[in-house]
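Protein chains in written order, with this note's numbering: chain A, 276 to 725; chain B, 577 to 913.
Everything labelled a hint here was simulated from the structure, so no lab data went into it.
Be aware that a few hints might be false.
Just a few of them, taken from the derived set where beta-carbon distance is under 10 Å, the chain A residues facing chain B [claimed, not checked]:
# : residue
1 : T358
2 : L366
3 : A455
4 : A619
5 : L620
6 : D684
7 : L709
Backbone N, C-alpha and C define an ideal beta-carbon position, used for all residues, glycine too.
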Amino acid sequence: MAAEYLAGAFGRQANQPDLLQARQMQALSFAVHIPLVCFGIAFPAMVLFVEGLWLRTGEPAYKALAKRWSKVMLTLFAVGVVTGTILSFELGLLWPAFMANFGEVFGLAFALEGISFFVEAIFIAIYVYGWDRLSPRAHFLAGVPIVVAGITGSLMVLTVNGWMNHPTGFDIVDGKVVNAHPFSALFGGNLWHELTHMYVAGYMVAGFLVAGVYAYAWLKGRRDLYHRAGLVVALSFAALAAPVQVVVGDWAGRTVAERQPTKLAAFEGVGKTQKGADFHILGYYSDGEVKAGIPIPRLLSILAKHDPNATVQGLDAVPASDRPPVNVVRYAFQTMVGIGTLLALLGVLYVVTWLRRRRLPRSVWFYRAVMAAGPLSLVALIAGWTTTEVGRQPWVVYQVMRTSEAVTDARGLWVAYVLLAVVYLMLMGAVAWLLRRLARRPPEAEVEAA
Amino acid sequence: MSLADVCIALMVAGLIAYTVLGGADFGAGFWDLTAGGAKRGARVRGMVERSMSPVWEANHVWLIFVLVVFWTAFPTAFASVASTLYVPLGLAALGIIFRGTAFALRGQAATINEARTLGAAFALSSVITPFCFGAAVGGIASGRVPVGNAAGDPFSSWLNPTSIVIGALAVLTGAYLAAVYMAGDARRAGLPDLERAFRDRALGAGVVTGALAIGALFVVRDDARSLYDGLTSGTGLALVIASAVCGAATLALVWGERFELARVSAAGAVTCIIVGWAVAQRPYLLPGHLTLEQAAASHRVLEAMLISLGVGFVILVPSLALLYRLVLQGRLDKDYE
Ligand code: HDD
Ligand code: HEM
Ligand code: HEM
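Chain A with its partners taken away, still in its complex shape (with noise of 0.2 Å):
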């Protein structure tokens, strides 16, 4: 699609000095939103699946963990339910130009996602404050939706990022824009591979999070069934993901050196178009070159175009004011990409160790390394966005409409940004005492409660 000027519904430049203001808080509200989708997306599986173990087998120490992380899957719950409502706030607070452009466009996924909100929210409290109420059966059944709702949720918010990646849908004349068919802009986009890799990446940092838990209990000696079992049924959805996870970010490679060869050329800082890239770990970009780093010879033209010989379009391509901060960028996907391959290798080690051994590793070190693998899974999930959302600048809707035109026309930006920090580092205090307090309980009181 053709950059043309975009005059928009308002007819007139948004003129806003604290634009830097905006997008922190934007970015600062999805670094506190996303990890707790995260829990959204993956845990209701977990605890359903170990919910089933309790129902084939039995065992109280099965029903204990279940109940135990249903609590905690409830607790971030509502936590994603605020923090999210901020978000649906910020589109119109924060950038009402872009809202008043698009928000035909791509409004619809939010239409459904609003309903998939509501089955989770009724059948999260259906199966929480349902145990020992309903049938066991009954019990179970209520947590099927939870687990759906996570995939839609996700599904329908990704459409909007995808589209503003890829925008498709639309037309623009005289600077207006037209013709919108939400069908097609919202499956146009880049959808697919940021589904797949977002929901493998809620796998993996609410896999390995809770899996830490229980490495450290480990570590501590204490390996009843409870413990055991809550770190094995973590760590296999989390190792499971890992691997996979590499493969679907070459996919996502792949399609953003087609689609957005400008966003690809700032992963990886090539400032001129070139046949046979190389790939550079480390060092910084500066003067249209990496420096300071260690090239791979050829390796950039392998992975994004699967041949070592094909050209790589540079940031030479488009003017200086159409390209992104490179070093954040590719420092962003740096990071991502590291701690990917470094969580792939640990998965693997723990999926073959069981197949072969039929055992956990023994190793404290392989606990160490769990515990470090949450935390570290978190860093590449935000790494990941700012790659995808900073690599997307100056636009935020790709080559149609730039941040700064978006952006509110509202004074005093900073005093809502600083406000919003401050209620932020509350909220996060509140949920890490909340987490604390919950796990000193012992887990016996799970079952006799009832």
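Since the structure of chain A is provided, determine the placement of chain B with the ligands on it from the hints.
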């Protein structure tokens, strides 16, 4: 009826659901704030928590629903409202964070002092949030939101007579609804002292809310004449009267301790007044600036959204019915710790 009418009807329905259900949650927070010292208030607080725990997330989603239909069906109007009224909407959003978190955490608090601190955050935000939403509605209804990116005044758009009375009404209405509902819940749970406590509160709040509603009409007459004209003629007038009748009936029913019927008539009073507002400002979406038809997204978009929502409702309605049935049967009662 055009598709834009259907969309606005959906938004109004969502707003009614949010006020009647979510508003009562906020009202419960109001009673929490005024429940008094740790000992005396403990039982009232316990009741608040018990009634709200399983439903507040689902109630909250109505707000999201209204937002998404608004920005899809009327994108320019949504952007104008959000960018002009960013102060009250931003405050309401912060209030929602506090309310949700404090509520989620409170069930876990071990000591009375912890519970009170968290409760205070929860309760305070239960007043600020509905006030800000009401004030924003007042800004729209009194024609203070022009079309454009932050084109209206950031303060007088919501700190004006109409906004302030509507904001106060929103807080009181929630408190009133909550007291009526909780009196019924207390009876179901077999707690006669709490039943009496909430009955008294419902009567008090009902009288005050009614008086303020009448006063509000005079304020609106001076401050937003065209809204007043809409509310005092034709269908608008009929709805205002219906609302008043429902309100009076609710008082009588509460007096007579018929709480289940009072639940219905209280919700009816709220429904009539919200529909009355929508009717009074027809054909405008942003009074004086933008009509509904001008604001509407293209036909294809509205059609796609309405069909998708229709399909969604096939799943949603039975699910909601299941949840409320389980709650009203008391099957999800007793907080989970
Ligand atoms: C646990 C988290 C995690 C891990 C281990 C990885 N990623 Fe990732 N990555 C994400 C989490 C993530 C994400 C969920 O944050 C993003 C942001 C947008 C998206 O679709 O997924 C992402 C985006 C993203 C993009 C940009 C997509 C776009 O802009 O449309 C690429 C090219 C990759 N990733 C590639 C990889 C590769 C090659 C990896 C492995 C070695 C990898 N990712 C591991
Ligand atoms: C819909 C309107 C949206 C706008 C206007 C928007 C714009 C922005 C902007 C300006 C930033 C800050 C970039 C920077 O640091 O300079 C940002 C960050 C981010 N956006 Fe978007 N975005 C939108 C939607 C989305 C959606 C739908 C998603 C995901 C589904 C998303 C995911 C993110 C994430 C995760 C970040 C944080 C990156 C970081 O941590 O640095 N955005 N967005
Ligand atoms: C523009 C960006 C986003 C907006 C406006 C947004 C909005 C929301 C809202 C309003 C909620 C609360 C729902 C409720 O009330 O029950 C929520 C929760 C949720 N969001 Fe987001 N969100 C955004 C980004 C994301 C992303 C990037 C994902 C993941 C792919 C995601 C997936 C979810 C999920 C699964 C939930 C359920 C809550 C949970 O399980 O924690 N959202 N979001």
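Against the structure, the hints:
no.	hint	in the structure
1	T358	holds, 7 Å
2	L366	holds, 7 Å
3	A455	holds, 5 Å
4	A619	violated, 35 Å
5	L620	violated, 37 Å
6	D684	holds, 4 Å
7	L709	holds, 5 Å
Hint violations for this structure: numbers 4, 5, all remaining hints satisfied.
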